[in-house]
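Asker: Residues per chain are reported as follows:
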Amino acid sequence: MALIEASAGLTWNLVDDVRELFQYGFMVNALRAGTVVAVMAAVIGWFMVIRRQSFAGHTMAVVGFPGAAGATLIGVSALYGYFAFCVLAALMISTVPHSRGRAFSQENAVTGTVQTFLLALGFLFVSLYRGNLNGINSLLFGNFLGITDTQVLTLLLVAVGALGILVAISRPLLFASVDPDVAAARGVPVRMVSLLFLVLLGLAAAEASQITGALLVFALLVMPAATAQRLTPRPVLGGAIAVVLALAVTWIGLGIAYYSPYPIGFWVTTLAFGAYLGAGVVTRRNPWSRRTLGTAT
Amino acid sequence: MIAVHHVAVLASSPGVGGLLGQSFLRNAFLAGTAIAAACGLVGYFLVLRSQVFTGDALSHVAFTGALAALSFGVDVRLGLFVSTIAVGILMGTLGPRGQADDVVVGSVFAWILGLGVLFLTVYTTSKSTTDSTAGVSVLFGSIFGLSHSQAIVATSIAAFVVIAIVLIARPLLFASVDPGVASARRVPVVALGLGFLALVGACAAEATQAVGALLLLGLLAAPAGTAQQLTVRPFRALALSCAVAVADMWIGLTLSYVFPHLPPSFCVIAVAAFVYLAVLATTRVRRLVLVRA
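If you read the sequences in order, they're chains Z and U. Per our numbering, the first sequence starts with residue 1, numbered consecutively. Per our numbering, the second sequence starts with residue 1001, numbered consecutively.
None of these hints come from the bench; they were simulated from the model. Where is the CB? At the ideal position from N, CA and C, for every residue including glycine. There's no promise every hint is true.
Pulled a few chain U residues facing chain Z out of the computed Cβ check, cut under 8 Å [what the hints assert, rightly or not]:
1) Thr-1125
2) Leu-1173
3) Phe-1174
In silico contact screen, one side only, chain Z against chain U (beta carbon under 7 Å); selected entries [to be verified]:
4) Arg-52
5) Ser-54
6) Leu-124
7) Phe-141
8) Leu-216
9) Tyr-262
10) Phe-273
Hey, can you work out the whole structure from these sequences and the hints?
Answerer: Below you can see the structure in the form of structure tokens.
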């Protein structure tokens, strides 16, 4: 990265190094955007992990790519493309009925097909654009350079709105996630809540794409939440841990990426995965599975 | 690669008549047919066993494998096959009965993808040959860029996958539909699950060359979904899935040849998606009509 020449490089004085990060406007904006994104992704990701909707989350994240590529093709900000396509994908996925327990899951086949088709569409947009094919990598794998003030503001407004809605529906959502049948019997509008959550998930995926790129959204959406759930089953505490982890991963990732020649996507995923494995060790569980040591021995 | 394809098409006389006169097209059809057949068979079991997400993860692992091989300077296919088969088996061992938890799958593959980005940067910045589109062609495939020997190797590996799936089809079907009863009847459920994931890995590595790491899921999921809509009988659906995948591939390649602006992998995936959605829509409509009548 060309930054290396511009910056003084990493010194042993950590305070000065951190201070240097804040000297550049693009870095301040990256940190601001990263903070907004990390909080939103961690909270919504916590519910996603509870609801076992990783595949849907992944699909929405990936679908941000054609959105961004299409937006670039018609000349608007990639951010709007992410939002439009992610929410669209959320609505499309929610039309396919849940086929829980049935052997052949048509839902999975449809989700997979929609995902790949939209990705292929993104590839078409990029090849029609005929511009710099390297731009494709920053859409897919994240790029924290060149985030403008307006983009930070947009990210913040969307995050505040989405988190507000999430807080409003959090009780029925948690109920519907843990036991949908009983929730439905108690008059919780399960379908409506699920649809709303998918849209929120789409928004979170779109926001996270801004920092990690469409393919690495899971670093902020799944890993902090999964780590938190290994540490505690309690919702509020777990959500808080997930937020702290996501913030730490984003800030440290941005800091390292500034000084290293390797892309932010690699650092963020590696830090988050390290925390995930670490949590497994801390709780004395097998880091690979959800079985406790108690049942294994 | 797209650029190569464009030049080749411009140099020749366009038209479906001369389709197989082009050597790059012959290679693409040869490899494409075998790869599609393997994907159709593997994909059916993948959807049946609700392991679509695992297949998705393996296809992303293929990206990392290919770029790791490129940055270490070894054959791309070696990286592809080693990484996908190893991670496939690893994922099988992560969960009970060879089925990993979706959170574990998500975490592992996001990290592996992050590693892929690292290798991509290492490769594109360290090599003097500035092949900056290497990542793009791994992600989105370059079937029109296959040489004759590559096509032959791709075909023979795909043929191996097809034969292996056909051989284990009966016990695998049993183990997929009812693992409990199958293991009581002494079907090796866990071993079959692991073997199947290794085959998915091989298939993913194989298909990466044709449609790319990001798009191969479509070739796995769409034909399987289409076949399941048309018949509920498992072996018929398995054969149908294979046939639909091959047909999707042929139509897609032909479309891409006729309309050179469209990349081949886009055409193949678009055809597969439209066929699936059309079949889905017609069965819905027919069901509605039957209910009314």
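Asker: It remains to establish, for every hint, whether it holds in the given structure.
Answerer: A quick look at each hint next to the structure:
Taking 8 Å as the C-beta cut-off, the interface hint given for Thr-1125(U) holds, the closest approach to chain Z being about 7 Å. The restraint placing Leu-1173(U) at the interface with chain Z is violated, with a minimum CB-CB distance near 10 Å, outside the 8 Å limit. With 8 Å as the threshold, the beta carbon of Phe-1174(U) stays out of range of chain Z, its nearest partner Cβ sitting at about 12 Å, so the hint is violated. Hint status for Arg-52(Z): holds, given a least beta-carbon distance of 6 Å to chain U, under 7 Å.
Of the supplied interface hints, the one on Ser-54(Z) holds, with its beta-carbon coming within about 4 Å of a beta-carbon of chain U, less than 7 Å. A least Cβ separation of about 5 Å between Leu-124(Z) and chain U falls short of the 7 Å threshold, and the interface hint therefore holds. A least Cβ separation of about 5 Å between Phe-141(Z) and chain U falls short of the 7 Å threshold, and the interface hint therefore holds. Nearest Cβ of chain U to the Cβ of Leu-216(Z): about 6 Å, under the 7 Å cut. The hint holds.
Annotation: interface hint on Tyr-262(Z) holds; nearest CB of chain U at approximately 5 Å, less than 7 Å. Checking Phe-273(Z) against chain U by beta carbon gives a least distance of about 4 Å; that is within 7 Å, so the hint holds.
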